[in-house]
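Chemist: Letter by letter, the chains look like this.
There are 2 protein chains.
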Amino acid sequence: MKTRITEMLGIETPIICGGMMRVGTAELAAAASNAGALGVMTALTQPTLEGLEAEIEKCRSLTDKPFAVNLTVGVVATEINYDDYVDVICRSGVKIVETAGRSPEPFMDAFKAHGIKVIHKCVAVRHALKSERIGVDVVSIDGFECAGHPGEADVGGLVLFPAAAQALKIPVVASGGIADARGLVAALALGAEGINMGSRFMVTQEAPIHEGIKQKIVEMDETQTRLIFRSYRNTARVYKNSIADKVAEIEAAGGDFGQVHHLVSGQNQEKAWSTGDIEAGMVTVGMCGGLINDIPTCKELIHNIMSEADQIINDRFASMMTG
Amino acid sequence: MKTRITEMLGIETPIICGGMMRVGTAELAAAASNAGALGVMTALTQPTLEGLEAEIEKCRSLTDKPFAVNLTVGVVATEINYDDYVDVICRSGVKIVETAGRSPEPFMDAFKAHGIKVIHKCVAVRHALKSERIGVDVVSIDGFECAGHPGEADVGGLVLFPAAAQALKIPVVASGGIADARGLVAALALGAEGINMGSRFMVTQEAPIHEGIKQKIVEMDETQTRLIFRSYRNTARVYKNSIADKVAEIEAAGGDFGQVHHLVSGQNQEKAWSTGDIEAGMVTVGMCGGLINDIPTCKELIHNIMSEADQIINDRFASMMTG
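Chains A and B are the protein sequences, given in the same order. To convert a position in the first sequence, counted from 1, into this note's numbering, add 30. To convert a position in the second sequence, counted from 1, into this note's numbering, add 30.
The shape of chain A in the complex, shown without the other chains:
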């Protein structure tokens, strides 16, 4: 398939493997890229600059296809020198960066000087327009359905994707609520030039999380996520487990972030990922978990999506049109 995104990024399919903290390793990114999608490694998953350098090198050793590095700015509690991370990314020879969180404006000169294409992830049309003005190449727009941080405006992808696509000149990637060919074709119909999938790539053979968590996502339905952190204006969509319910309860009682912090700690999240106990920590997943029913390899996943997209367009639509 050929869209403005595949042409610009040099990838075979208009599919991006969303940058996921603690999940976006070299192995997963390389597997996604080898399958014809754009794999994305998350820079902050590596605790040191040397670690990031090595992880990028590792990804390059695993694939000769394009891959990207995600840099999420300003949403992690620990002190991070982003300039140093940007410097490592620029020197590494990586040609595509996905930014998220705060505006990538402070880093745009460095990225551009190194010929890096910048995909900026945001959740509102006005942020997307600002990103376009500062020179990002692609906007990846996250709707209400997404895992992680959908923002505070709660606009579903069905409305947000076309609103963004018609407002911007640069290509738009649809993110949130998409897990299969149906979502891909819908996003392309709505004006997007590609899709970003996170939860779907979490439930692949190559994702570095415990099989037990993958299985829980296979079993969940579309109603089993919930929003937390709204009272802190940092809304997050997570799996509806007892920890999420407890956080929501504390928030409803007016509790501040200090009172929920221990519940949602990275340590607890790691524990869930590594033990497969979905009640052990906060698990970030989108409502499209309800559409995920298998645990394929990245190669199988991308192959199936493209083959089913072909069926939707060339069989389903064709029969409706000629009817």
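One or more hints might be untrue.
For chains that are exact copies, the list does not tell them apart, and a pair is met inside one copy or across any two.
[Stated by the list, open to error] Keeping only pairs whose Cα atoms sit at most 20 Å apart, straight-line, the calculated DMTMM-like set for lysine to aspartate or glutamate is:
id, residue 1, residue 2
1, K160, D251
2, K199, D251
3, K32, D167
4, K95, E57
These are calculated hints, taken from the structure and not from any lab test.
Mind docking chain B on chain A? Use the hints.
Modeler: Just chain B now, with coordinates in the frame of chain A:
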């Protein structure tokens, strides 16, 4: 275009004009039907049974195409004898009914005895499955983006439509967040067999509401709706005006429905519709108001949607597929 819905209902396009209280008159329904969509009159917009009988007769005099009557059960405060309404509808010779609110189970025998096809509108997959079991012919599933009552589970159409379509054997109509050809093609990709549009039909020449309200919807963006009545478990999406903000404020302070009732009265709503003052009452509209930019006739609207859908499928997709 030919889908399971167009075949079953005998309509030219897979588009339904949503049943709208106070807006779904014979004139609007007939205009939608004459344009090739399925027009829907709302039974309860008529204050008496005789009024409904006359309105159905009027609609029949204005179109020889199929149209439907909407019966919304159990969500209006006043005492209504639904059996009497059902009786009038059955005797009128109408062949399609759209039900909403409570389950249509008590009326299914009467509808079926009169050869009436039943489209039931609901907001969750489990309600849709129950509707299928009791014999409804079509489920119209309303996502989070919709105007009016999206339910309490907040599942965006991007996920809810495919979840419903894969769970049901009967055809699914996608409702909420759709205002144009992009939404139509997206819904068909997601597995729906047609779309339901309310807000979009409100902003047509034939809709019996003041030009000033239509103009405000043309001007709004996708962030200018808000949810109210969540604390009463009767969530409604409405235009974000000072009345909606005041209701939300009272709810946040723990106020009961008695305290907001005067603000959202039918009288105030009528005032907004009739004077064009969007601050005069609660105005029911969906976030796809942000995608609406003109006030066409129903005929122009349907023509444009079908022609643009053809472009998306035969030009945009074809060029992506052939590369």
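Chemist: If a hint holds in the structure, say so; if it does not, say that too.
Modeler: Now for the hints, and whether the structure bears them out:
no. : hint        : result
1   : K160 x D251 : between (36 Å within a copy, 17 Å between copies)
2   : K199 x D251 : between (36 Å within a copy, 18 Å between copies)
3   : K32 x D167  : within (17 Å within a copy, 39 Å between copies)
4   : K95 x E57   : within (13 Å within a copy, 59 Å between copies)
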